Each structure stands twice: as C-alpha cells, then as structure tokens.
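Protein chains: 2
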Amino acid sequence: MAGKASGYVVGVDLGGTKTLAAVVASNGEILCRVKAKTPVEQGPPGVLAAVATCVKDAIAESKVSRSSVIGVGIGVPGPLDPVTGVVKIAPNLGWKDVPVKALLEKDVKLDVFVENDVNAGTVAEHRLGAGAGVNDLIGIFVGTGIGGGLIFGGRLHHGFGKVAGEIGHMIIEVNGPRCGCGNRGCFEAMASRTAIVRDLANAVAKGRKTVLTKMAGNGDLRQIGSSALADAYRRGDKLAVKIIKRAARYCGIAVASLLNLLNPEMVVLGGGVVEALGADYVNRVAKAAAKRTFDVTLEGVRIVPARLGDDAVFLGAACLARERAAKD
Amino acid sequence: MAGKASGYVVGVDLGGTKTLAAVVASNGEILCRVKAKTPVEQGPPGVLAAVATCVKDAIAESKVSRSSVIGVGIGVPGPLDPVTGVVKIAPNLGWKDVPVKALLEKDVKLDVFVENDVNAGTVAEHRLGAGAGVNDLIGIFVGTGIGGGLIFGGRLHHGFGKVAGEIGHMIIEVNGPRCGCGNRGCFEAMASRTAIVRDLANAVAKGRKTVLTKMAGNGDLRQIGSSALADAYRRGDKLAVKIIKRAARYCGIAVASLLNLLNPEMVVLGGGVVEALGADYVNRVAKAAAKRTFDVTLEGVRIVPARLGDDAVFLGAACLARERAAKD
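Line order of the protein sequences matches chains A and B.
When the count follows our numbering, it moves up by one through the first sequence with no breaks and lands on 384 for the last residue.
When the count follows our numbering, it moves up by one through the second sequence with no breaks and lands on 384 for the last residue.
Incorrect hints may appear among the rest.
One copy or two, it doesn't matter: identical chains are merged, so the pair holds either way.
Claimed, not checked - Distance condition first, Cα-Cα at most 30 Å in a straight line; then the derived DSSO-like pairs of lysine-lysine:
no., residue 1, residue 2
1, K119, K294
2, K165, K347
3, K74, K347
4, K119, K144
5, K218, K162
6, K93, K165
7, K265, K119
Simulated from the structure, these hints should not be mistaken for laboratory data.
Since this is a predicted model, take the numbers as computed values, not measurements.
Given these sequences and hints, build the entire structure.
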C-alpha cells in the first residue's frame, strides 16, 4: 500500500453542466481525465452516483492500483462546510444542505474532502500554478458570475461561517445595476460576462450597432459567450471595445479595493472572460488597480493571469484532499 | 525581577496632536495615564524624545518598579513594519521612513514594539473589549478618516507588505466624490466625518439650512466636530439627519462588502463619529449591512460598538508588546 505522501488522489470538479474527474499524482501530474454530463435533474443522489462513477472510471483508466489512491477531493459550486462536507446551497445544482462527503464516501469507499469550487481553483493556482511560493494570494474568477478565493499565510481563509470569498458581491457602485443577488452595484453586476452582455443588449436596444448581433445565433446577445466577446473586441467592434474596457476598469477598481484592504502579494485572474481576452484584459485590470492603490501597498505586488484553466478546480480539490490525508 | 507574563507594559498612543502613555497590567488594568502634546514641529527626534518622557513619567507615576516593566508598545498613525519597527509614512506627523523602534529603544532602554494605531485599536477591542473570545474580527474606526484592522484566526492580518487594513480606501462608488488619497468614491470619502461635513457645507452653499451653521463658531462647517453633528442629529435638524443617515448607510454597504468577502464573526465600530452618534448609528449600519449580505454569511455575525474609546490604541499596543515579550 502506498504511503500517504506518495499516493494518488482523485480530484473532481462538479459543475452545473459537466463533471470532471482526474487522477492526480503527488507532484500535481494529471494521469487521466474523465468527463461526464452532470445529471442535475436527478437531484443529489443521481448527481453523486454519477460523480462516484466518474471517480471509479478515472481510477480504472489511469491504471493505478485502487490501494494507491488515498482520497478524493471535490469542488462544488456553493457555500459549504469543508469540515463536515455538507453543501449549504448550490444554486446551479438546485441543492440545499446536501451531505456530499458522507454520501460520496459511502459509495466510493475512500476519504472524501469537499471544498467550494472557486476556493479549490485558487488553491490550485497557489500550489501548482501562477502563485507557487506566494504566501498571500487572491484568486478572482470572472465568468458568468465572479467568484474568488483568499489565501493568507499559505492557507485558505474560510471565515467564521466558512463562506468567505464572495468577491463578486463586494459593492463597488452604491446605485449601480441590480445584481443577481438582489443588491445594487456588486462587482459581479459590473464586470461579469453577464454584466457585459447586459450592457451590450441595452445599448443595442437603444440603437447602437455591434458585430455581436450577427454573431449571436438566435439574435439573443445575452447568450453570447466569452470567446465571441473577445473576437468582437479584437476586431475593434466599437461597442464591444467600450463595454469590455469599462468592465476591465471595474475589475481593476475591485482589485484596488482588495489590495488596499488585504495587501496580498499576488492577484490571480482567471475564468472564461479572462482566458478569452488574455493579456490585454489582465494588463488593463492591473493598470486600473495600480492607479487606485497606495504606493506602499503596491510594492512588489503581482497581478497575473491564472495558468491552470479548466484543470484548476479538480487540481485544487486534489491538493486539499492530499493535504488533509497527510494530516490524518 | 517580574516574570514576562506578569510584568507591566507601557502602552503608547502617538497621535498627530497628543500622545497618551499608560502603564498596563497583565489583566489589562490601566495603572495610570500620562498625556502630552505631540511636538510635531520638532520632527522625529523631538517627538520620540517626548514619547520617551511620557513613558518614563507613566512608569514613575504608576509607582511600579522599573524592573517590573517588560516592554513598551506604541501605536503610530501610518503604515509601518512591525518587525523592524520602521514607520514608512505618517502623514499626520510628516514622517517618512522613521526607525521608531530603534530610536525609542535607545532612549527608554526597554524593548519597544511598534504597530499601526488602528491595528492596535482593533487588537485591544479583540483582546479586552467588544470582541473578547472572537476568532475573526474586523475593526472599523470612523472619524476624520476611516481606518480598520483585520483579525483572522485571532491574529492581526498584516499582508505581504505589512500594510493591510486600509478599509477606508475600499471603493464603494466608482464615480463618487474625490477622496484625500486621490481616488473617487472611497468608503472614507463617502462616510467619514470629513465626508459628512463636506456634504453639509455643499448643501448650505446651495441654500439649505441647518442648526450647525450657528453651532460652527467661525461659520466654517468643515470644522464641525462629531459631537456637534450628533447634537444636530438628535435635535432632528433635517439636513444633518439626512446626511448622517446616508453616511451610516454607506458604512453599512462597506460592512456588507466586508462580510461577503471575509465572513468575520464580528464587526466592531469605533471612532469619533460612532461614539458621538451611539447605538442609533450602529443599528443603522447593521441594518444596511444585513440587507446586502448573504443569509449564510450573516448567520451568527455581530455588528457592535467598540468599548474602549480613547484607551484602545495604547491598550492594543500594550497587548502586542506583552505577547511579543512572551515569545522572546
């Protein structure tokens, strides 16, 4: 039987549409990936049965021995308690108070460690990606929504109720547009993909033109994805450029607040919007942030793109499961 | 000679106008207080000589033996390095790169521990005030400016460059009024006493009436203090009520951002504005914050007034000096 430090871990990224599972070695190497549709309509038992199948398939495909697998780490989209492994709410899955750890352990017969997906992604960037060697790091993931993870002194900051990190719901414009959460002017309501396409659709409704109207298959600008946005931006579409630049500036303003407040060494920017827009977006964010941050605070700080893409969540979950196993 | 745990510590609050020093026992009891004008015009050597005199006077007046004093803790208004004891910048003192620890140790012949004043105040509330027993706590002090301190897992969060906690420079209104720091819409520019009196003066310039015009001796509303503001508020002065209620709402919005981001167990509100306006202000802040915070995040969280008033900074500095001495 493998020692706990050297064994394999299965990392899982449980998303609202698909589930990814991968067998991960102690050096972070990914031995194999398995992907499956998340059967959300089947509720927690069906979804977790599908997750268990993914885990077993990944182990089988990787050809490592069952006994060399020391645990499973799973990233779930929603606030949860990483100690009990109970997911409090997961809107994308329609879940409330689901004991993921207990249910999954019964099925896979391995120790299961549960973490919020964005926290897991941040941990992966910290341990294996852009932030290796950094002590204080903030991960910001800009996509349909905006999520974040906080690492202080090398460890995830969970907070009192274990739900810290809702970076997308820092308010950056008191009377700003309504957010999905009900508030006004949340960072997410100002700079997410959802905010960008809302602003595009509103401008088009007022008669503004954009190449995106043609690019949106059914004409619904709100369905436009990050890569189409990036395409229009690179082609110099005036409306897209204006709205995306503004969103990047808002992101920079949120980053400035985070720098002034928390003084991290590094801010890692990831998620669909950042990946699609690339270095130009990251540079705009960094510039807008630097302009609004104290000199003493900015000294030595790096604002960088994430490196791990879609692998981040399962890799981070795997890292955390391994660290937990080493402690036990 | 007294043991390190049981000895006395001198706590100092070095302010831009006055310096407070007090001999503090291990249980937090204050044996005596000494107060002196801060001779800012004399520069660092003169100011630190005056601080040393305060320390010696406090020891002499307290009648404890010199050998029972195990160290000095001093709170300084500005970003600094608590390890080296060098103050990077202190605008209120006109200082830049002043080695407070080294200079003061030479004079007082005791170990000196230097901490940012607002951090020290937060530590005092955590160890001896409103937050005793709490693990994750945020201190917010609303006065001329707005400062803050962050305690995670029972310890001050200093961050990468040791300058974390600039709560007043979280941006809550992208296009808001200009802040002293140069940015627009900082929390400080929206809710500090400076912001409140600016809004009052602007409204009066536009013809609005307030009892505060009479109360301001020389007619300069910008010189109005927190207690006069509170007085006008309690007397139902329409303009003062409107502007103060709005400032409290902005404070609640900043608190909501902090709760969503950091999920602390407690937020302690202190400083001149909070002390003058009392429970009514704290309740307004708490209500505005609760409205904008996720239910799972708000569970069990307390938003409370500070308890230690003007004693907080020197008490916190004393606590930190004692803890540092116990480690050595």
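Hint check results:
| no. | hint | in the structure |
| --- | --- | --- |
| 1 | K119 - K294 | neither (52 Å within a copy, 75 Å between copies) |
| 2 | K165 - K347 | neither (52 Å within a copy, 43 Å between copies) |
| 3 | K74 - K347 | neither (39 Å within a copy, 34 Å between copies) |
| 4 | K119 - K144 | neither (35 Å within a copy, 57 Å between copies) |
| 5 | K218 - K162 | within (24 Å within a copy, 46 Å between copies) |
| 6 | K93 - K165 | within (23 Å within a copy, 70 Å between copies) |
| 7 | K265 - K119 | neither (54 Å within a copy, 81 Å between copies) |
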